[in-house]
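Position chain B relative to chain A; hints supplied.
2 protein chains.
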Amino acid sequence: MKVVREDKYEKLMDLAKRRGFFWPSFEIYGGVSGFYDLGPLGSMLKENIRRLWLEYFVVKHSDMAVAIETPMVTPEVVFKASGHLESFTDPIVQCGKCGRVFRADQLIESATGRKVEGLTPEELTRIIKEEGIKCPVCGGELGEVRLFNLLFQTYIGPYKRDVGYLRPEAAQGMFTSFKRVFTVMRQSLPLGIAQIGRVARNEISPRQGMIRLREFTIMEMEFFYDPEEPGEPPYRRFGGKLRILTAEQRVRGDEKPITVSPKEAVEEGIVKNPWLAYWMLVSKEFVKELGVAENETFFEEKLPEERAHYATQTFDQLVKVSRWGWVEVSGHAYRGDYDLSRHMKFSGKDLTVYKRFDEEKVEVREVVKYDKALIGKLFKSESRKVIEIITKLSPDQVKKLKSSGKEVLEVEGFSIPSSAVWVEEVKEKVTGRKFIPHVVEPSFGAERLVFVALDKSFVEDGERTYLKLPPRIAPIKVAVFPLLSKPELISKAREVFNALLSSGIPSTYDESGSIGRRYARADEVGIPYAVTVDYQTLQDSTVTLRFRDTKEQVRIEVSEVPTKVRELIEAWRLEE
Amino acid sequence: MKVVREDKYEKLMDLAKRRGFFWPSFEIYGGVSGFYDLGPLGSMLKENIRRLWLEYFVVKHSDMAVAIETPMVTPEVVFKASGHLESFTDPIVQCGKCGRVFRADQLIESATGRKVEGLTPEELTRIIKEEGIKCPVCGGELGEVRLFNLLFQTYIGPYKRDVGYLRPEAAQGMFTSFKRVFTVMRQSLPLGIAQIGRVARNEISPRQGMIRLREFTIMEMEFFYDPEEPGEPPYRRFGGKLRILTAEQRVRGDEKPITVSPKEAVEEGIVKNPWLAYWMLVSKEFVKELGVAENETFFEEKLPEERAHYATQTFDQLVKVSRWGWVEVSGHAYRGDYDLSRHMKFSGKDLTVYKRFDEEKVEVREVVKYDKALIGKLFKSESRKVIEIITKLSPDQVKKLKSSGKEVLEVEGFSIPSSAVWVEEVKEKVTGRKFIPHVVEPSFGAERLVFVALDKSFVEDGERTYLKLPPRIAPIKVAVFPLLSKPELISKAREVFNALLSSGIPSTYDESGSIGRRYARADEVGIPYAVTVDYQTLQDSTVTLRFRDTKEQVRIEVSEVPTKVRELIEAWRLEE
Chain A
0 MKVVREDKYE
10 KLMDLAKRRG
20 FFWPSFEIYG
30 GVSGFYDLGP
40 LGSMLKENIR
50 RLWLEYFVVK
60 HSDMAVAIET
70 PMVTPEVVFK
80 ASGHLESFTD
90 PIVQCGKCGR
100 VFRADQLIES
110 ATGRKVEGLT
120 PEELTRIIKE
130 EGIKCPVCGG
140 ELGEVRLFNL
150 LFQTYIGPYK
160 RDVGYLRPEA
170 AQGMFTSFKR
180 VFTVMRQSLP
190 LGIAQIGRVA
200 RNEISPRQGM
210 IRLREFTIME
220 MEFFYDPEEP
230 GEPPYRRFGG
240 KLRILTAEQR
250 VRGDEKPITV
260 SPKEAVEEGI
270 VKNPWLAYWM
280 LVSKEFVKEL
290 GVAENETFFE
300 EKLPEERAHY
310 ATQTFDQLVK
320 VSRWGWVEVS
330 GHAYRGDYDL
340 SRHMKFSGKD
350 LTVYKRFDEE
360 KVEVREVVKY
370 DKALIGKLFK
380 SESRKVIEII
390 TKLSPDQVKK
400 LKSSGKEVLE
410 VEGFSIPSSA
420 VWVEEVKEKV
430 TGRKFIPHVV
440 EPSFGAERLV
450 FVALDKSFVE
460 DGERTYLKLP
470 PRIAPIKVAV
480 FPLLSKPELI
490 SKAREVFNAL
500 LSSGIPSTYD
510 ESGSIGRRYA
520 RADEVGIPYA
530 VTVDYQTLQD
540 STVTLRFRDT
550 KEQVRIEVSE
560 VPTKVRELIE
570 AWRLEE
Chain B
0 MKVVREDKYE
10 KLMDLAKRRG
20 FFWPSFEIYG
30 GVSGFYDLGP
40 LGSMLKENIR
50 RLWLEYFVVK
60 HSDMAVAIET
70 PMVTPEVVFK
80 ASGHLESFTD
90 PIVQCGKCGR
100 VFRADQLIES
110 ATGRKVEGLT
120 PEELTRIIKE
130 EGIKCPVCGG
140 ELGEVRLFNL
150 LFQTYIGPYK
160 RDVGYLRPEA
170 AQGMFTSFKR
180 VFTVMRQSLP
190 LGIAQIGRVA
200 RNEISPRQGM
210 IRLREFTIME
220 MEFFYDPEEP
230 GEPPYRRFGG
240 KLRILTAEQR
250 VRGDEKPITV
260 SPKEAVEEGI
270 VKNPWLAYWM
280 LVSKEFVKEL
290 GVAENETFFE
300 EKLPEERAHY
310 ATQTFDQLVK
320 VSRWGWVEVS
330 GHAYRGDYDL
340 SRHMKFSGKD
350 LTVYKRFDEE
360 KVEVREVVKY
370 DKALIGKLFK
380 SESRKVIEII
390 TKLSPDQVKK
400 LKSSGKEVLE
410 VEGFSIPSSA
420 VWVEEVKEKV
430 TGRKFIPHVV
440 EPSFGAERLV
450 FVALDKSFVE
460 DGERTYLKLP
470 PRIAPIKVAV
480 FPLLSKPELI
490 SKAREVFNAL
500 LSSGIPSTYD
510 ESGSIGRRYA
520 RADEVGIPYA
530 VTVDYQTLQD
540 STVTLRFRDT
550 KEQVRIEVSE
560 VPTKVRELIE
570 AWRLEE
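Protein chains in written order, with numbering that gives the first Met the number 0: chain A, 0 to 575; chain B, 0 to 575.
The following block holds chain A by itself, in its conformation from the complex (with noise of 0.2 Å):
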């Protein structure tokens, strides 16, 4: 079995270079680890995974979610804030004899086999003093493990004081930018910030194709809400069920998914919020259409050692793929208010946001008094300074000191007497609340969804390769080929391309080669409609329209071939 699966992603990774999918940049230069180029095909293909996504997110929850684009470029403060200077770190360890650098953690996998995530650096070193590890390159003595930062750093402007980073998610733009967006959304709640853009991650050494890449587009929404009154998800947007593998079950050793819907996953606990499961739930249908079906993927609670150190709760889509097996196609974290929690304190700015009641509440709320005479009468001219440190007390503190039954309240070395100083209840008229939001996120990487379209279009049937690409994300929607290499039939053919490019419809021409190798080598592409000319179309201006995957044809109109394409793209469902 492995032996064939292997052998399927070697065909793809041929087709995708031969044909223009992706492939190493820097090629000519030797290239240089993860980082890839899209070709022709791919970027049209990740273009309109983008714009699948955009429509998903932003456009069908225009009530609720909006886009922005922030820099890449980050100043220091930001990840000082975020924590990502402390905590995005992966253990590497140098060879002190050929000066290697390696993932500490990974060789330890590699050489033993023990899973070591979450352990400290000294824990690492102890286990490969212990087990013997050597530099798998050149047999060296590993040195200490020590943690390495995995984000690209830089300077900004022409002071060495200023230093920046690479973002390695888009999120901080969408923290940062907060307050800013909320008050021009007109200050309500749900709300939705969404970022299509460029993040970079400085991995020690990516060994796993267009699934680990050093620089990728993210697309990832933060998505604000009232933990308190968080509000029903529009579930009925979106039908289905969501399957979901729990922490607990594997644990406890359980592979075997369970089926739910979004509701009931919220109410039974499984998923903390209900937004969490919603987006959930949004993602497995945009998924969908890039040709991942229902029973295809699932979603992979992570233990709390996987996680990352903002979220409370974190499941990953996972989706199977050749070579790699499962890989995680999203990453749904519930955040909490971890980050503009953070922000608030870095920045020293109210991101809190505020929430009239709909009607005014009056609420019984504990205060502290003192009795100012007295106070006045017995401590003089220090008077102030003690009325200072009762007015910093708690209510809670007050009763607590009085609690003993003590007569003289000890406070900061004055002997206060306990009749000066007392708690009372007071009732006030409350118009709202000020509070943090609270945010969970769906996170997608865009060009691993590239990977995995392909992955799952792949068919060999028979002496046929091809890739049954979902139209819609498919990079050439059409192919216009004259039956025979005739001026009369080019002249016709051409027509017909002409009018496609005009209708907007991303299309190709070929005029080389037999009949049968053009219908080849546009299905290899994914092209999921094929119009030919041939001598009845001079006569009665039809063409042949054939399909891709049941290389059925049809005999339709010149003149509707770019109305009917449109509705075969639009109509078009995966089959499940």
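Among the hints, a few may not be true.
All copies of an identical chain are treated as equivalent in the list; a pair is satisfied when it fits inside any one copy or across any two copies.
[Said to hold, decoys possible] Once the Cα atoms are required to be at most 25 Å apart in a straight line, the calculated DSS-like pairs of lysine-lysine come out as:
1. K360 <-> K96
2. K79 <-> K159
3. K128 <-> K271
4. K426 <-> K354
5. K255 <-> K240
These aren't lab readings, by the way, just hints derived from the structure by calculation.
Here is chain B on its own, set in the frame of chain A:
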């Protein structure tokens, strides 16, 4: 006049921030100059401009152009080869007292009014000394002028030897991957390779808002063609003429652009080659879609000292905007074979292309011949070495050596009889030709176009301020309003809104405030169409459709709203 213009800019900036087009990034941390966020409206405006660019430069040119995507992080060797490490610099000078750094040329120009573009650091230092220019902030003494490289530097992976830079243009990705794309595209020329992607330039102290950013999105095409047989561009696809201000005109102080057809411009030697002229034509048409009429833009030829190091002719397309005056919206550089030649040299890879002749040609070629027997007899054990020396000589070298009439040729210490070496003409069949393609490059900055489109569309019309954005690029196409905030009207209006969202038409819904105020809010952000649900709607299923620019209203069927809006968007043309 000047006051009014600045006023417009301030108003536009206020609108941009208040309604969510753009604002300075990282505001909560005090901002970092040269970085802007695109807000909910700005990011969609940019998305539409981006799609339109792809349509004009790639989809409408599917017979000769493709798009690719390459990384922003780039290994050092690429910019060594491209010349950016050496030449992508600005002259800077530091104050010895306060330590601040300034652009030396800008400092001199603002202190003395002298134009100093193209001068060396030594010359700039001398002017600073001669003119007694001091630090404009603290009055301190300025140091020596030196060159500051504008590439953001970083390291790729864990080794400090692996220097990388953020690309300042997308172009190098097209050059380093040219051979791969050329192969994928079945080796045909001309071939345009386009890319939309992020670039970064570490400007010293950017102060021109959205006009000069440290990070932005470039939309760029490298168009490769055979310089000996460039072919005829399809001028007919885009009508009209070009307005050009030549370098020669500029030198003699003429400020009035000439108007020529692209073909004439080439024939008259104003534009150095037909493809440069053709893409200028396409650019003019593209910019028209953003609301810039033909008579509001022209192409200014750059003077030699204004050109980038790789260009032999450059035109900037200029548009006049508030505050900043004439700004460049696109650059058109004739890069010749500079980049491919440099990458051939630095990579050692053959980046030439081979063009098979339609018919085999017979070419007469000179070759160096020698008398092997004679040389063997004369030089014995050294004869192999002598032959090696002879075969390295070019026919011209041999002719020169023999032209003096000497009996003996002195070459590398050997005395060879003249009769032993001669030049002969041979006839050869040649099937094709190897050459390095030439390149023309049209290049746009997307964020700058966002600003230009807003500036061009900003209208103050009595009490009303609105954006007459072309409907195709307007971020939101339709606003839906219930006439009054009554349940039955709200419910119907929400139905219309949902139908628009399902049709994928970006729309907004608003029920708060008077209908007049809601129209004003929609006009202010350039929503071209507004649909209002009133009591008549409940009776006859019609709504009012209001046009932003004319305030005209018509009644249409509820059911035809999405179709009608689509038709209006498609049919819209810029009035000139």
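Hints versus structure:
no., hint, verdict
1, K360 <-> K96, "neither (72 Å within a copy, 61 Å between copies)"
2, K79 <-> K159, "both (17 Å within a copy, 23 Å between copies)"
3, K128 <-> K271, "neither (41 Å within a copy, 68 Å between copies)"
4, K426 <-> K354, "within (20 Å within a copy, 90 Å between copies)"
5, K255 <-> K240, "within (15 Å within a copy, 67 Å between copies)"
Checked against the numbered hints above, the structure violates hints 1, 3; every other hint is satisfied.
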